[in-house]
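Note that the protein sequences, when read in sequence, are chains X and F. Just so we're aligned: 319 in numbering that gives the first Met the number 0 is position 320 of the first sequence, and the numbers increase by one with no gaps anywhere. Just so we're aligned: 56 in numbering that gives the first Met the number 0 is position 57 of the second sequence, and the numbers increase by one with no gaps anywhere.
By construction, these hints were calculated from the structure, which means they are not laboratory data. Idealized CB from N, CA, C, for every residue including glycine. A couple of the hints might just be wrong.
Stated by the list, open to error - Reference listing, derived: stretches of chain X covered by chain F, where coverage requires no fewer than 3 residues with Cβ under 8 Å from a Cβ of chain F: (1) 37 to 47; (2) 56 to 64; (3) 83 to 93; (4) 275 to 287.
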Amino acid sequence: MTVVATTPRFKGNVHDALTDARLQGALVHASNFAGRRALAAARLPEFEALRDSARAIKDHTLAHLDLYLEAYERKVVETGGHVHWAEDAEAARRIIVDLCKRRGAKTVTKGKSMISEEIGLNAALEAAGMAAVETDLGEYIIQLRGETPSHIIAPAIHVTKEDVEREFRKAHLDRPADRDLSQPEQLLAEARAELRAKFMAADVGVTGANFLVAETGTSIIVTNEGNGDLTQILPRVHIVIASIEKIVPTLEDAAQLLRVLARSATGQDASVYTTLSTGPRREGDKDGPSEYHVVILDNGRSAMLGGEFEDMLRCIRCGACMNHCPVYQAVGGHAYGWVYPGPMGAVLTPSLIGVAEGGQLPNASTFCGRCEAVCPVRIPLPKMMRHWREREFERALSPAAQRYGLRFWAFFAKRPTLYRFATGLFTRALHWAGRKKGRFASLPLAGGWTDYRDLAAPERATFQSQWRAKSGAVN
Amino acid sequence: MNPRDAILQNLRRSLGVTGGEAPRRFEVERRLAEAPPGIVPARGQGDVATRVATFRAEAERAQASVAEIASLADVPAEVARYLRESNCAATLRMGDDARLAAMPWGDTALEILFGASDGHDLNAVAMAFAGIAETGTLALVSGADNPTTLNFLPDNAIVVLRREDVVADYEAAFARLRGRYGKGNAPRTLNFVTGPSRSADIEQTLLLGAHGPRRLHIVIAG
Numbered sequence: 000m001t002v003v004a005t006t007p008r009f010k011g012n013v014h015d016a017l018t019d020a021r022l023q024g025a026l027v028h029a030s031n032f033a034g035r036r037a038l039a040a041a042r043l044p045e046f047e048a049l050r051d052s053a054r055a056i057k058d059h060t061l062a063h064l065d066l067y068l069e070a071y072e073r074k075v076v077e078t079g080g081h082v083h084w085a086e087d088a089e090a091a092r093r094i095i096v097d098l099c100k101r102r103g104a105k106t107v108t109k110g111k112s113m114i115s116e117e118i119g120l121n122a123a124l125e126a127a128g129m130a131a132v133e134t135d136l137g138e139y140i141i142q143l144r145g146e147t148p149s150h151i152i153a154p155a156i157h158v159t160k161e162d163v164e165r166e167f168r169k170a171h172l173d174r175p176a177d178r179d180l181s182q183p184e185q186l187l188a189e190a191r192a193e194l195r196a197k198f199m200a201a202d203v204g205v206t207g208a209n210f211l212v213a214e215t216g217t218s219i220i221v222t223n224e225g226n227g228d229l230t231q232i233l234p235r236v237h238i239v240i241a242s243i244e245k246i247v248p249t250l251e252d253a254a255q256l257l258r259v260l261a262r263s264a265t266g267q268d269a270s271v272y273t274t275l276s277t278g279p280r281r282e283g284d285k286d287g288p289s290e291y292h293v294v295i296l297d298n299g300r301s302a303m304l305g306g307e308f309e310d311m312l313r314c315i316r317c318g319a320c321m322n323h324c325p326v327y328q329a330v331g332g333h334a335y336g337w338v339y340p341g342p343m344g345a346v347l348t349p350s351l352i353g354v355a356e357g358g359q360l361p362n363a364s365t366f367c368g369r370c371e372a373v374c375p376v377r378i379p380l381p382k383m384m385r386h387w388r389e390r391e392f393e394r395a396l397s398p399a400a401q402r403y404g405l406r407f408w409a410f411f412a413k414r415p416t417l418y419r420f421a422t423g424l425f426t427r428a429l430h431w432a433g434r435k436k437g438r439f440a441s442l443p444l445a446g447g448w449t450d451y452r453d454l455a456a457p458e459r460a461t462f463q464s465q466w467r468a469k470s471g472a473v474n
Numbered sequence: 000m001n002p003r004d005a006i007l008q009n010l011r012r013s014l015g016v017t018g019g020e021a022p023r024r025f026e027v028e029r030r031l032a033e034a035p036p037g038i039v040p041a042r043g044q045g046d047v048a049t050r051v052a053t054f055r056a057e058a059e060r061a062q063a064s065v066a067e068i069a070s071l072a073d074v075p076a077e078v079a080r081y082l083r084e085s086n087c088a089a090t091l092r093m094g095d096d097a098r099l100a101a102m103p104w105g106d107t108a109l110e111i112l113f114g115a116s117d118g119h120d121l122n123a124v125a126m127a128f129a130g131i132a133e134t135g136t137l138a139l140v141s142g143a144d145n146p147t148t149l150n151f152l153p154d155n156a157i158v159v160l161r162r163e164d165v166v167a168d169y170e171a172a173f174a175r176l177r178g179r180y181g182k183g184n185a186p187r188t189l190n191f192v193t194g195p196s197r198s199a200d201i202e203q204t205l206l207l208g209a210h211g212p213r214r215l216h217i218v219i220a221g
């Protein structure tokens, strides 16, 4: 683990997020994604078939991952690039810092990369005396704020434009103090000018990769700003950092995945810039990097293969699951406490940093199933969150009160007659107690619920007894 | 054990394989050789006129502007018109592309600069390798003829696309790519560009011209 995870304090984080009025105001913007995705999906009749195709490609690749990685490596070397293998975050940091140091780098520009966040690369570069500059606008904003991304494709979704103005005034001291920065256009123009100078000064550019293509030894990045491209074509050295599951066999396979990626992420038919990079500058080229390096990171993923969390390795990091998650929409990404938030983070985080640290996250689900319904590669996220809950329970990591509560409930659940009698009694009692207002603003032992919303008073009878009355039988 | 072998060994242990199984190797080699196409959307299909119409509609949807002209010889006049009407400076940078060099730039008042961009260019023109009707996307390849920096550093990017180079889908563009570079090979940089640069990172407000061009003008010729 590299970035200090606050995941073990998840419940406290959630409380802080729910009572943070500024954050709650900013999170309104996160709700726009779902509608845009729905429109994009509806515009393409083949969308559902493409999701099946995308899933099949990922499953095929994972089943042959060792061989595709070898084939990919051969092509990178053949085209004049270098491949470095990193078993964990520490190794990846060391490889990249060494590459930068040996070339006397002072400024390292960075395209947006979740793997870079996962390994804590910026801190390592800074510790080695180099300036690491995030160039994606959202990443730049949160770097100035000293934060981590709160969303995997919209890292500054928790920030208001007033927050951005304040950071820019603090950071860009050469500019007139009385300048107008009240509009997003002005903020963007200032960031563009500041970062243009950094792009031109950079010695090394580090990008992530959405896909690595085994057929051609190509890395693919997808951006809307063009920052990833300026990061990789201007400096003398381009370093790609990517995890092992980013491999796809062919260009055709990449096209299948790209068709579902942009639509699932931002609701665009295609992102503005999809760039395929293969090796360093070639004879006659007037621009482009002289050196091309790829750092392939494992960091716990090879152990996920063949196990109950293998499906998670299909993830293409589109963010659709968090864009459709009622829990994420309510608390934002930082509450999850590590690099990956939302449903994908709730499944991936315990896999990568351990169930003891990340085991609370799979509880942050209402099991509404929207994440699985929109996942472009059909990852059964709710099922895997249930697996984690079982493991947390088996290992006695969940709080004692919860465990006793579950045992108490299980005692009744295993005795149907007693269960029906007890729940019937309880429901009638609640109905009677709440008959005036129809809801409860507070209830003993239910503060975790009623602190943030009212509990509706139940109908006179349980669902089971109503069902029986209507249809004549249960079981 | 070196980290490469350790990672591959872990993968093989998890998968329950040795890496030497002939059927697995055969399956991987076959897929890499055959590159099966998968699901290809119907949207981009059709004859040249249909493809150009779809390309244009999709590109405009992505906030690019599009002009159609009769021949490559008319490109300089169209570029000059576009820059004048957009109140842009009368300068233009381009690479060594022979098709661009053959155009009558002398008939315009444009100041022409050659080579890669140093970040101070307002306008640049490049020849597209292909246009993809399905999403209104340009495919541009790196090289001295059309340096990649021209696609990103100038404020206004102008791209010339020959009508005959408008293909239906990405798969058709890859087929052309293999025709030029050979199967299994790719240019150093292949840019798929759909509209001008943008960002929605500040309160999800969509703004054009984030780091790349603020405007993208596509000239379809022929």
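Hint check results:
no. : hint       : verdict
1   : 37 to 47   : holds (count 3)
2   : 56 to 64   : holds (count 5)
3   : 83 to 93   : holds (count 4)
4   : 275 to 287 : holds (count 12)
When held up to the earlier numbered hints, the structure conflicts with none and fits them all.
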